[in-house]
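Undergrad: Sequence:
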Amino acid sequence: MSNQVKGVIAGSRGAPVTVEDILVPDPGPGEVLVRVQACGVCHTDLHYREGAINDEFPFLLGHEAAGTVESVGDGVTNVARGDFVIIAWRAPCGNCRSCLRGRPWYCFDSMNAKQQMTLADGSPLSPALGIGAFTELTLVHSGQAVKIDPAASAAAAGLIGCGVMAGLGAAVNTGGVTRGDSVAVIGCGGVGDAAIAGSRLAGAHTIIAVDIDDRKLEWAKGFGATHTVNSTQTDAVEAIRELTGGNGVDVAIEAVGNPATYEQAFFARDLAGTVVLVGVPSPDMKIELPMLEVFGRGGALKSSWYGDCLPTRDFPMFIDLHLQGRLDLEAFVSETIALGDVEEAFHKMERGEVLRSVVIL
Numbered sequence: 047m048s049n050q051v052k053g054v055i056a057g058s059r060g061a062p063v064t065v066e067d068i069l070v071p072d073p074g075p076g077e078v079l080v081r082v083q084a085c086g087v088c089h090t091d092l093h094y095r096e097g098a099i100n101d102e103f104p105f106l107l108g109h110e111a112a113g114t115v116e117s118v119g120d121g122v123t124n125v126a127r128g129d130f131v132i133i134a135w136r137a138p139c140g141n142c143r144s145c146l147r148g149r150p151w152y153c154f155d156s157m158n159a160k161q162q163m164t165l166a167d168g169s170p171l172s173p174a175l176g177i178g179a180f181t182e183l184t185l186v187h188s189g190q191a192v193k194i195d196p197a198a199s200a201a202a203a204g205l206i207g208c209g210v211m212a213g214l215g216a217a218v219n220t221g222g223v224t225r226g227d228s229v230a231v232i233g234c235g236g237v238g239d240a241a242i243a244g245s246r247l248a249g250a251h252t253i254i255a256v257d258i259d260d261r262k263l264e265w266a267k268g269f270g271a272t273h274t275v276n277s278t279q280t281d282a283v284e285a286i287r288e289l290t291g292g293n294g295v296d297v298a299i300e301a302v303g304n305p306a307t308y309e310q311a312f313f314a315r316d317l318a319g320t321v322v323l324v325g326v327p328s329p330d331m332k333i334e335l336p337m338l339e340v341f342g343r344g345g346a347l348k349s350s351w352y353g354d355c356l357p358t359r360d361f362p363m364f365i366d367l368h369l370q371g372r373l374d375l376e377a378f379v380s381e382t383i384a385l386g387d388v389e390e391a392f393h394k395m396e397r398g399e400v401l402r403s404v405v406i407l
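Under the numbering used here, read the sequence shown as residues 47 to 407, first letter to last.
For the record, the hints were derived by calculation from the structure and aren't laboratory data. Where hints are given, some of them may not hold.
List of simulated lysine-lysine pairs, DSS-like, C-alpha gap at most 30 Å [unchecked claim]:
| id | residue 1 | residue 2 |
| --- | --- | --- |
| 1 | Lys262 | Lys394 |
| 2 | Lys52 | Lys394 |
| 3 | Lys348 | Lys332 |
| 4 | Lys394 | Lys332 |
| 5 | Lys160 | Lys52 |
| 6 | Lys160 | Lys267 |
Let's have the full structure, built from the sequences with the hints guiding it.
TA: Pasting the structure below:
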């Protein structure tokens, strides 16, 4: 049987999104039907609308979501009806070469629901990141549904499903930030601020926020930045070096996805330091670095995929830290909106007016 609900659809490249009737199947073997309570408006959704991910229109957008399990298919044992869950876009398969080497956070064959959600006329939908959660009900693989403490609000918890986890993980998992480290975070949107919060959690003593917007730099202070640099007013690399005794930082996190800011991160790190790229570049972007500098500075240049997270390990941990008052997830929620407000939320995101708009269902 199918369930008819409303969902936010990107029908063609660059066109405004619309709210349409969609059909969501009951769960089959290994699948879970989730009643979505809240879903953040992430920049990746805008990439889908613009055709920057692929051209498999129409898309059912939304992927940063939390909700309750409505029903489960045969063989599902990790969650049950009524469980409060965050939906992950990585569900390790357990069988690919990465999983078998004990690195499930890099799983190369992440699991998704096999049945398709469709428009009311039967046209198949492509769910964003294998989720599609700007809707009242969504169908996912059971491995994507991660049970968490129901004391957390859905609006805050859902953000762990993508952007906030990407930033936290870029610092804690990929960058390996630890006690006494110095960190620079370039780009202070939701992901960058989450990297700042993660660096504070990990015990970094100096956390330098870099952006071109003074409003965002003020927000960054609230998440734990000890210093701020407006790179339109001063050279970011020189400022970071000045704040670290002329040495540069132990970990430089680039949360923009731009060659110019990546170069800043590269030159702003100390010898043997680490650069972490978590900002998502466009396909046409290229970087050019002096090879002697790559060799001579040592250290590591890393890319962070989804914060190199293992959802079943990391989601409950960060929710517990939030409930203990050590990680303010509510601070990422700039506004709550309805399904019909997603298009305007994209424009607010582009203007830099919000960290996260969150759809409440």
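Undergrad: Taking the hints in turn, state whether each one holds.
TA: Status of each hint after checking the structure:
1. Lys262 with Lys394: Roughly 14 Å between the alpha carbons, so the hint for Lys262 and Lys394 holds.
2. Lys52 with Lys394: Holds. Lys52 to Lys394 sits at ~23 Å (cutoff 30 Å).
3. Lys348 with Lys332: holds (16 Å)
4. Lys394 with Lys332: Given that 30 Å is the threshold and the Cα spacing comes to 28 Å, the pair holds.
5. Lys160 with Lys52: holds (21 Å)
6. Lys160 with Lys267: Status violated; Cα separation ~44 Å.
Hint compliance for this structure: hint 6 is the single one not met.
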